[in-house]
Structure formats: structure tokens, C-alpha cells
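Chain order of the listed sequences is A and B. Note that our numbering has the first sequence beginning at 1, numbered continuously upward. Note that our numbering has the second sequence beginning at 1, numbered continuously upward.
Everything labelled a hint here was simulated from the structure, so no lab data went into it. Because the structure is a prediction, the values reported are computed rather than measured. Beta carbons are placed, not taken as given, at the ideal position from N, Cα and C, and that holds for glycine. Heads up, a few of these hints could be off.
[As the list claims (entries may be wrong)] The calculated label-pair distances, taken between Cβ atoms and stated as ranges, are:
| # | chain 1 | residue 1 | chain 2 | residue 2 | range |
| --- | --- | --- | --- | --- | --- |
| 1 | A | 36 | B | 13 | 56 to 62 Å |
| 2 | A | 215 | B | 13 | 27 to 33 Å |
| 3 | B | 237 | A | 5 | 55 to 61 Å |
| 4 | B | 106 | A | 26 | 57 to 63 Å |
This is what each chain is made of:
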Amino acid sequence: MLRAASSFLHGRNAFYVSLLLLPPLLWLGTVYLGSLFALLAQSFYAIDEFTARVVPELTLATYRQLFTQPANVDIVLRTLAMAVAVTIACGIIAFPVANYMARHAGPKMKAFFYVGVMLPMWTSYLVKVYAWRLILAKQGIVAWGFESTGATPVLERLLATPVVGGPSLSSSYLGMFIVFVYMWLPFMILPLAAALERVPASLLQASADLGARPGQTFRNVVLPLAMPGLAAGSVFTFSLTLGDYIIPSVVGAPGFFIGMMVYQQQGTAGNLPLAAAFSVVPIVLIALYLTLAKRLGAFDAL
Amino acid sequence: MTAAIELRETSRAFGSVIALDGVSLEIAPGEFFALLGPSGSGKTTCLRLIAGFDQPDRGRILLDGRDVTDVPPFDRDVNTVFQDYALFPHMSVAENVAYGPRVRGVGTAERRSRAVEMLELVRLGQLADRRPNQLSGGQRQRVALARALINRPKVLLLDEPLGALDLKLREEMQAELKGLQQRLGITFVFVTHDQGEALSMADRVAVFSGGRIEQLDTPRGLYTRPRTAFVASFVGSANVISGTLAQGITGRGTPFAIRPELIEIRPDGAVAPEGMLGVGGTLEEVLYHGASSRCHVRVDADTLLVVARAESAGVPALPPAGSPVRLAWRPADAVMLEG
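Excised from the complex, chain B in its bound form (with noise of 0.2 Å):
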């Protein structure tokens, strides 16, 4: 099957900064396929070179087998959520919407009705006459999601889509993006720096940090099997254990990383389960969470581990801060890292 988008050994450079840094990468059709990355990673860079609003350096950008890397975005199959939405402030909602079938020459009638069938699919048929600035940040994200969707795109591409938006208004979008993706078969592909997000959302994940892609997985093995410690700390949380302590722990100098959560914490002097690894620390802090708590415990000089502990009825209590703890986790829940 012919990806839906390949990049070939892409780099672009600006002045002095490498912002990518031959990277290659093959989304499949109809995959949802995030960016994630901090900011000036790279992942930006990416979403608007396939766009076409940037060129690369080196490299080629194929959309469907096609070489694009010289068109330009008016003449790709790719249509784009922007971050600021970039709604035009003189047109209303319905003429927004139809802007795309408008340039290519649709009639007033049919280009109005198809706006209208848009609007309504992602439930803002009652707003067609609306002015953007009339409409809330929540509405806006759903008229250019309506507007980029018109033209029957094979790739959408999303750029920090739930960036602007409050927190339980995000987690309502991401839901209401899965199943609108899942419902037309279309490939997005969408940049982020927000792991969450990419973790709840996407089918892929190709993380992002100095230009080059660290790691390519599903968001399970992103989370379960890090390979970098940069992935292991950036997806989710974790505890990061090189040097000699991972010397003195397992034996080898690999450096490991381990989930907060997949730590147990017990009283100095507690016995350890049989086969299980173990540090021992002071207890510097416990900050609440509500359902569970996070522990910081000073194991040396250089070293804070965090442990995430389960708040339950049936949970032992801990010790005062400044107590000597014993933490403990089964030798297959911690991931060997690259170099």
C-alpha cells in the first residue's frame, strides 16, 4: 500500500539553526498520526513542509506516492487546522466554511449548501452567519475543523489543534476528533507538545527532539518500552536511573528508566517480596493528588525518584518526611535505555 505521506531524508535549516534534521517517516492512509515533540523540536517544521508552506533544504515529500516536495499548497491534496485557526475576519462562519470550493470555482448555491452540511457536521449548523469574532474558542476550533474538511482532503494536518482551548473543553475535542477521524477514513496527522494528548489520541507516535525523530511507536510502546530516557521522561513520567547507581542496582551500567507507578514504597526495614529490585532512600516529600500521591525520595546526592503511590482504604500509611524508605519493583518494569 502507498503511504499517504512519506518524507525522505528531510532537513531545513534556518540561518544556523536545524530545525530538521534528515528525517524520514511514512504515514499510512487513514492512519491518526501525531507529532509530538517540545517546542523547537522540529515537529512544526515537519507539519508545514508537508503543507508546502516551507521547503526543505534536502530531501523529498511525497503525498500518495506523489513527489510534492516542489508544489505548492494550493495544488496539494492536504488541507490544514491552523494553531490560531486563522478564521477570516471578514467573511461569515458559511463563507469561511466555503472558502476552499468558493477558489475553485463551485457555484454561490452548491458551495453555501456544502457549508452548511459541513457546519453541521461537527454541530454548528445554527451559527452560519456568524462573524468568527462572535464565537467562542471552542466554536472557532469546529469552523476551521469544517472549513479544512470541505474540499474532501486525503490528509488533514492539525497544528497544536486543542492548544487554545481549556482543559475539559480539550478532553470533549479529542473524543469528538477520534470519532470524526474513524468516521471519514482520512489521515490526520497532528503536532503537539502535549504527550497526553498524542498518547489518547493517536494510532502512532513519532516523537520529536532536536531536529530528528527519537522514537516511532504506538502510544503503548512509547509508554511501555522507552528507548531513550529522553522518550521515557517526555511520554508520561519517569525515573531515570544511570551510572554507577544503576551499577549498584542491577549489576550493569545501562542506564534503566522506571514508572512512578510501578514502584513500591515501604518502611525501612520491611521486608522486600522475593525477586524484586531495590533502592533504599529518605522520604523528602509527599505531595497529594487526590487519587494517588506522589512520594519524592532522595536515594544519593544526585538522585530524586518518584513514586506514585495509589491512595486506597486498604494502603499502609507512610512514615514522616525525613524517614528512611525502601523502594522495590519487579526487574521486568524497568526499561533498558540507549547509551
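Chain A with its partners taken away, still in its complex shape (with noise of 0.2 Å):
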């Protein structure tokens, strides 16, 4: 019966290529795209104002709602600057690890750096953010490092800034970035030692031979190179901070995030086309910012 099966499909290869494309094809057509949709098609109906209820004709009144009305500007705005600040801060701070493990590390480091960077996210999330709260807060760890060093002014210095300041790091964006930067790290560190493990090792050398200096190795080689591996990592990094709801709402200053919108929109507020509409744009800004990479080059060398 099997063997009967077996010598059916062979030679028959675009029906068992087909046979075998078609349940993840459902999947992902009907289930996963075909929901996706239904929901961006709820942000061109509007809300009733008096009935509360959603009425399903086409118009754009939520997404002026959206840009017209400067609390959801803000929003936006102060969304969009967190992403773009924990993308650059991840991709800093990620590059010397990913270089370390894909080119220098012996086979028992890297695995050792491997489950380093991807033990965190075997821990619950929510409890990773709630005990952040705690490390950051006003008697905490953190706080209690820089009094027991004598620093306390330095951090006093730290939240009294405008805008990333406030009472103490758990209740600032400051501490918010932070809780973020750890949170997505390892979506940066994984595609970017990928990447970087795909570079010859004798491109290096061909460039230090040409009279490259470090530096001009790094610009010139490395760095284009790394690039897919860095785009790829700022995009987890910069959706998942585009869409987060749990960190802004246990960490941070009062101001509100796209996701909490969406959250609270679909939610308690029931305005369900305004929801969709937020969750568009950090579709459009992450479609934005591919655009902008091909165009500088960043896939050239996948």
C-alpha cells in the first residue's frame, strides 16, 4: 500500500511538491493571512458614535481620527522613537558578542554563548518584565548598586533628564529602554552571528592584506556583509518594540504605547476599527523601513 503510494508519486514531482505545500499553504492563506486581512479591513469602518457599534462601510475616518487627534500622534511618535532607540542599542551591544561567538570562540564557548543568549527566553515573559520592576525600582538592586558604589548622583543626575527621566528607573522610559534592550537582544545576537559566521575568514585577511587598517576592515567588509544578518535583527527588534503592550504598561512612565492602544481600543474602549487602524502602522512603518534598507544596500550581499 505504501510502496504503491511511493511508486505513484515518483516521477510525479509537481504533484508531490503540491501534495506536500498544501497544508501550510492553508494555513497560511486562510488562517494566518485571511485573519490578518479581516483585521485591516475593520480599520476602514468606522465607530458609531452613539450606538457604539462598528458599521461596516468603507471610509477613512478612523485613520483621520488617527492622525488628526494629537493624543494618538503622540502615541505614534513616542513608539516609533523607542523602537528606532532599542534597535540601535541592541545592534551595539550585540555586535561584539555575535563577532566574539561566530569568529573567535572555541567550539565549547560557542555553545556555552549559544544557551547564554537563549536561556532568557526559556523563562516566562511576564516574569522576566515583573522582575525587572523590581530591579529597577526605587529600593532596588540597581538603585542600591549605585548608593552602595557612591554613585547615587550619577543616576540621580540620570533621571532628572527631561523626557527619559522621572522618579526612579522603574517609572521612566529610561528603565523602559532598558527592560526592552534585554528583552530583544537575542533576536539581534542570533541573525547577526548567522551572518557574521557566513563571512570567509580569508575576506578578513584579504582586506588586512590590501593595507586595511581594523577599522577600515570593519566598514568595508564586515559591516556590509553583517548587514542581512543586522537588518534581520532590527526588524525583530523593532516590530516587537512597534507592537509591545506587557512592558510599557509594568515599567515605565504613564505615556501611552500603539500596542496598549490596541489593547485597550479592542478592549475596554471597543473601538475596534481604531484598533486596527493602530495596529497598521507598525505594519507600514516596518514596510517603511525595509524599503529604505534595500535601497541602501543592506540585502546586496545575501
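Hints given; two lone chains; assemble the complex.
Rendered as C-alpha cells:
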């Protein structure tokens, strides 16, 4: 029976491949993309102010509401600024780590680093966020660390910085930034390390051989060839920050973020079209980001 | 005259493996020099030390009389053609070639014209704007060559430069490399495991084995006067005869080598010419190679001698396999070996 099926499939390559592809295509096409489009379609409806019901007529009223109310624009800009800052910080911190993992670590050290990078992801996300709230609290371990080294004035100076500061790290944008960077760092390190591992050592030697100092080799050879990894990692850190609603509601200043807005609008406020419109924002921003990255040649080395 | 490259008692170990064991070497300016040896013999380590990709544990390295042992690769007047060519995949052919001048601060227009000039030297002028992945192996090799030569180094290092090319292309490139070297007058040092390549291109060859130089000589010297059994059988093929068999033939216990093409083979009972040395054996197999045949002759339980025999009209036919035969050679053609 199995043998008969096997010999039937042998030589009917197109049929065989489509048989394999059918289940994932059904899943991706209907369940995944379908529901996404259903959600996005919602953003072109609007809510009736009196009945609080969604009116199923195509309109741009919801988008008008999103882009004309200063509070909403603030939320978009605040989230965007945080996502950009988190992405840049993750890139800067991840590069040396990924470079060490890809180029210098021996097999044992490499395994240790991979486990070390991924280990935090095995823990519940909520547990980590709440742990960070305690770590960054006014009487938390970070504040204690500053105090016991006599560096409290430095912390106070930091917290006195307008916009990013606040009464304590756990209730400031600075604290929120730290938690975001901590959370998404593995998503930057892993693709970056994979990209760096694919760069043959002979290319770096060739660069030095032709007279390039280490800084020039980094700029002209390593960075361009690591770009696909950096781009992949930054799409993760960027989109995860844009969409997150738990970190901003547990750690940080009271200002709203896109994710919190989506959560609130589809829940308590019951404005599904506005929630949908808010979720379109990250999609558009990431599409723009990828276009820009492609223009700048980030994927040329692929 | 100051040597272009000088190695003084250089050693390099990787963990417990000794890659290079107190090697001293002098290469003259303008010389075409080959580092020949099997893999793991230390030839590549030697090249990497000259390029500066690796530092010796002991010993010094001098380029043009200047001690560069602790000088990083980017400050050495040496360029390398890598085994895998190491072309930058994100740059065009012209950008690859112009990389040296670029990192030395040469302006865009000038480095472009110099790159095109170098590409014309290797006959690739029309491919300047292609990407490396659009080129064939032979073309990549030429780009790597142009890129390494654009800085006008005093020394060009080539790591198995022809290893990845097919036979016909390899022969073409051999002639081209040799011509290029003569025109530019730059010292070429190349690493190879292919003795034919070393013999046909190099002015002098250092044969490496076990991290040491086994013999340093001209190609002709290596072939006609190998000093050790290793060199005799690594450079070309050779029959090495030692022990009691050697004692029986020459009356001395010294091992000696005899090239397959210098042995004459006759049916048993034929009269050997006056003054020739010889030994009897059984013809086991004849392998036909076109221009010649290689005959395997069993002399004793441990010794199989190979005889190359020209295939021309006048040569008498061989007896069938299994027949007793007589081998003979001129005493002067046998090369006495060390130990």
C-alpha cells in the first residue's frame, strides 16, 4: 500500500510538491493572512459615536481620527522613537557578542554563548518583566548598587534628564528602554551571529593584506556583509518594540504606546476599527524600514 | 644583495602539532619560488607567516632586510592571492581590484583608472562592472591576481593559486603567471602540493615535510639529485631501493633511487649491455598511458619497481604478464640517498 503510493508519487514531482505544500499554504493563506486582512479591513470601517457599533461601510474616518488627534500622533511618535532607540542599542550591544561567537569562540565557548543568549527566552516573559520592575525599583538592586559605590548622584542626574527620566528607573522611559533592550537582544544576536559566521575569514585577511587597518576592514567588509543579519535582527527588535503592550504597562512612565492602545481600543473602549488602524501603523513602518534598508543595499550581500 | 624574504629559525606550533620546525630560508628579489609539500607539511603556515596572518613562536621574518616579525599584514609590502580567491562578494570586479588604493586614500577617479589598467593586464578589462559571482573560476583567479598586484608589492604570495582550476585552464594559467612574473619583476612565492606545477613554474623549490625543509634546489636539481627518499618519490615518481636488495645490487647498503623512465626492461635471458646494473623480477602488470606504458615488476616480496617504457614503433613487444624479466640501468642514473 505504502509502496504503491511511493511508486505512484515517484516521477510525479509537481503533484508530490503540491501535496507537501497544501497544508502549510492552507494555514498561511486562510488562517494567518486571512485573519490579518480581516483585521486590517476593520480599520476602514468606523464606529458609530452613539450606538458604539461598527458601521460596515468603507471610510477613512478612523484613520482621520488616528492622524488628527494629537494624543494619537504622540503615541505613534513615542512608540517609534522607543523602537528606533531599542534597535540601535541592540545593534551596538549585539555586534561584539555576535562577532565573538562567530569568529573567536572555540566550540565549547560557542555552545556556552548560544545557550547563554537563548536561556532567558526559556523563562516566562511576564516573570522577566515583573522581575525587571523590582530590579529597577526605587529601592531595587540597581539603585542599591549605585548607592553602595557612592554613585547615587550619577543615577539622580540620569533620572533628572527631561523626557527619559522620572522618579525612579522603574517608572521612567529610561527603565523601559533597558527592559526592551534586555528582552529583544537575543533576537538581534542570533541572526547577526549567523550572518557573521557566513563571512569567510579569508575575506578579512584579504582586506588586511591589501592595506586596510582593522577599522577599515570593519567598515568596508564586515559591516556590509553583516548587513542582512543586522537587517533581520533589527526587524525583530523594531517590530517587537512597536507591538509590545506589556512592558510599557509594567515598567516606565505613564505615556501610552501603540500596543497598549490596540489592547485598550479593542477591549475596554470597544473601538475595533481604531485598534485595527493602530495595528496598521507598525506594518507600514516596517514596510518603509525594509524598503529603506533595501535602497541602502542592506541585502546586496545576500 | 638583500634577500627579498628571509626566515630565520622560524617555528610555529598549534597546540601539540608542530607546523613549522626551525625553518630558515632566503628568497632572492625577482625570484619565482615554490613551497612544495603534502598537506600538513608546513608550507601554508610558512606562507601565512610571511603574509603576517600568523606570528611565529620563535624566529624572525625579514622582508627586504627589515624585521617584520611583529608588523601586522596591513603594514607589510606583500600581497596575497588566496586559495579561495577571497573576492569581496558585495563589490564589483573593479571595486575589488581598486580596494588596495581605496584603503590607502587614493581618489575615486584615479583608483578606477588604475583598476581598469590592472584588469587589462590580466585581460579582463571588459568585466570591470560584473560581480564576482558572475565570473568563472579562471576569471576570479585573474581578478584576485589583479587585486593583489595593484599595490605593486615587492612580493606576491600565491596560496595554491591553480588548485581550483581544471587541467586545461591550469596549464594556461601556469604559462600566464610565469610570463606576468617575468614582465613585472616581482618576487613570486607560491604554495602548491602539485610537484608538476612547482617544477614547471619555479626558479627554485623548497620541499617541505613534517615542518622542515627537506631539500631546497632548482627544479632540475630536485628531479635529478633528490637527497632523500621522500623528495625522490614526492617530486616525480621514483623507485627507492634500500636494505639487502640495495646491498645485493650495488654492493653497498646505501639506499638509492632510480626514475622509472631510466630503467630498461628486457625478457629474461636477454644479454644486458656492458657496465649496467640490474635485477631480475616478474612482470605483474602493464598499464598503458598512450605515450608510454608503466610496467610493474615484482623484485622481491616487499619491492615493486615501476618501469616507464616509451611506446614507439621500434620498441620490441613485452612478454605476457607473469613472465620473468630483467631490469637494467646505468649506474650514473641511480641517485644515492641519505640514510
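Comparing the hints with the structure gives:
Hint check: residue 36 of chain A to residue 13 of chain B, Cβ distance near 60 Å, so the stated range 56 to 62 Å holds. Roughly 31 Å separates the CB atoms of residue 215 of chain A and residue 13 of chain B, a value that falls within the hinted 27 to 33 Å. As the Cβ distance of residue 237 of chain B to residue 5 of chain A is approximately 56 Å, the hint placing it in 55 to 61 Å holds. At about 58 Å, the CB distance of residue 106 of chain B to residue 26 of chain A agrees with the hint of 57 to 63 Å.
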